[in-house]
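There are 2 protein chains.
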Amino acid sequence: MPVTIRDVARASGVHVSTVSRAFSAPHLVNPDTRSRVLAVAEGLGYRPNRAARALTTGRTHNFGIIVADIANPFFPPLIKAAQAHARSRDYNVFVADTDEDPQVEEEVIQTLSKQVDGVLLCSPRLTNKAIERLREEVPFVVVNRRIRGMPTVLMDVGQGASLAVRHLTELGHRRIALVSGPAGSWTSKAMHEAVATAGADAVFLGPNAPTEQGGITAAADVIASRVTGVLAYNDLVAIGLIEGLSERGVRVPEDVSVIGVDDIVAGRLNRPKLTTVSMPAAAAGRVAVDMLLQAVDDVAAATVTTLETSLVVRESTGRART
Amino acid sequence: MPVTIRDVARASGVHVSTVSRAFSAPHLVNPDTRSRVLAVAEGLGYRPNRAARALTTGRTHNFGIIVADIANPFFPPLIKAAQAHARSRDYNVFVADTDEDPQVEEEVIQTLSKQVDGVLLCSPRLTNKAIERLREEVPFVVVNRRIRGMPTVLMDVGQGASLAVRHLTELGHRRIALVSGPAGSWTSKAMHEAVATAGADAVFLGPNAPTEQGGITAAADVIASRVTGVLAYNDLVAIGLIEGLSERGVRVPEDVSVIGVDDIVAGRLNRPKLTTVSMPAAAAGRVAVDMLLQAVDDVAAATVTTLETSLVVRESTGRART
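First to last, the sequence lines map onto chains A and B.
Here the first sequence stands for residues 1 to 322, numbered as in the UniProt record's numbering.
Here the second sequence stands for residues 1 to 322, numbered as in the UniProt record's numbering.
Just chain A, same shape as in the assembly (with noise of 0.2 Å):
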């Protein structure tokens, strides 16, 4: 005979729903109690069962990720641990992706939307007009982009671009081409405003996809435009545009600097070490999951959670030349 969770409610001394809210809302328990329960059900065998669940509270118990592109490393940092503080919520974790494409992204929110309880919504492409329609589909948390009303939560990318750009100029730059990411990115806004206001020459290129191969194509341009500082849209575009340089006999940094964002792994062992823009993408995962729990249970407001972002200086930049 299967055990049930009156038999786990029995062995603990405590009520079903004591029980229930141990696996199904463990932060609503008492640590010690919680203790005690999951004990007393792993020592009888018991395991609660998601989809009765399911039936019973209408919730599925499942959230969803929504990545613009799992291949870029930037994000699973972030989805490891929104994984992992999901999971200590008793959520699971599903991650989608989607290619970049603003028609897929609409196509997985509406068939997501009924398999999980909210969704993570993470540097969508989407206009906020589509997104805001498709908010009455199921909660969202919105990742690193502002959208008036939504729960969101912002890397402040504004903030280190501007000490990207105080940087080179300190090291005497005074052309700097910012290299942007895709039509619609609000990364890329934020950047451009930060370049725009910094004193110096400034020249934009883009839109460039946001990868190693956008990098590599978009060093013909660096090159044209004469400057001698780049801020680049990420940390791959940077890998890809050094690499772009060097293969048109340019040096980095002795000829141009380049600053990347994100501080990847990559970029660590990249040669020369790239210096970057750092994103608490960690962070923002375990606080946009947090932020999604308020919204199932309906107690969120449209909060905007920013984060602090850093600047690591390593060796692809370096003063400019006279």
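No lab work stands behind these hints: they were computed from the structure.
It is possible that part of the hints are untrue.
Pairs involving identical chains hold if they fit within one copy or between any two copies, as the list cannot separate such chains.
[Said to hold, decoys possible] Here are the simulated DSS-like pairs of lysine-lysine, each with C-alpha atoms no more than 30 Å apart in a straight line:
1. Lys80 <-> Lys114
2. Lys80 <-> Lys189
3. Lys273 <-> Lys114
Since the structure of chain A is provided, determine the placement of chain B on it from the hints.
Just chain B now, kept in the frame of chain A:
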């Protein structure tokens, strides 16, 4: 009044079941008919209700892909190819990451099995016995591991490892190390055999984390083992190893030749550019989805599909010092 499947059938001049299949099993419908039905459905604003369909068919039209580490760039091309192919068959793909942890892997399979029609299990870290037990819960296709009686997609890493080791011996290397991966990795075992039978002195160093850090950490052992050629578990380990050797004043390929496995983008941009065993990850993703569709329809034999690998020679290998 919402548009129903009957409206679409009437307007397209086909039976209701044909409309249903045009959405849920497009490969069973004549392509011209399917195009007409989809055009009519789009014109009328009809949207098939996945949840309702799941109730009648007992199918969720979701697949899961379980990977050991979403941060390993080997997996995204496999995931993206599987996802694109599944989407063309009207299946969504959800990705779950197990953090290289067998216990998390088991939990994820058990919870995911209730939400999806089938699971692609990539590079599992569970024991064969545990996987055989779990297959009762949901149809599996296993990628990158040989388990008797289960539909399996293998990339022939043994063949690739043999090509790699032959390349090293042809360059005059007489003492070769395998810097292996995590304990329980099927791939490590296949590589071990290839290196052991190569006719050179073989040194086996491991287990190692399958990451850049794993390679950096292994550098000291590689130097102590006095080998001149190394086959690394994957490109991340190879890139980390090159970095770790460089920190200790050992040059690649002048002092030690290093070969990776996978052919990730970062290896092409590494200095030196990485010689590597190219793994057909995207093809494996597509084939695995086809096998999973068969498994869901209960027509799957325990087929094993083995895909060929190849050696890509770049800059991280050279003649052995004499």
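- Item | Ascending list of hint numbers which this structure does not respect | 3
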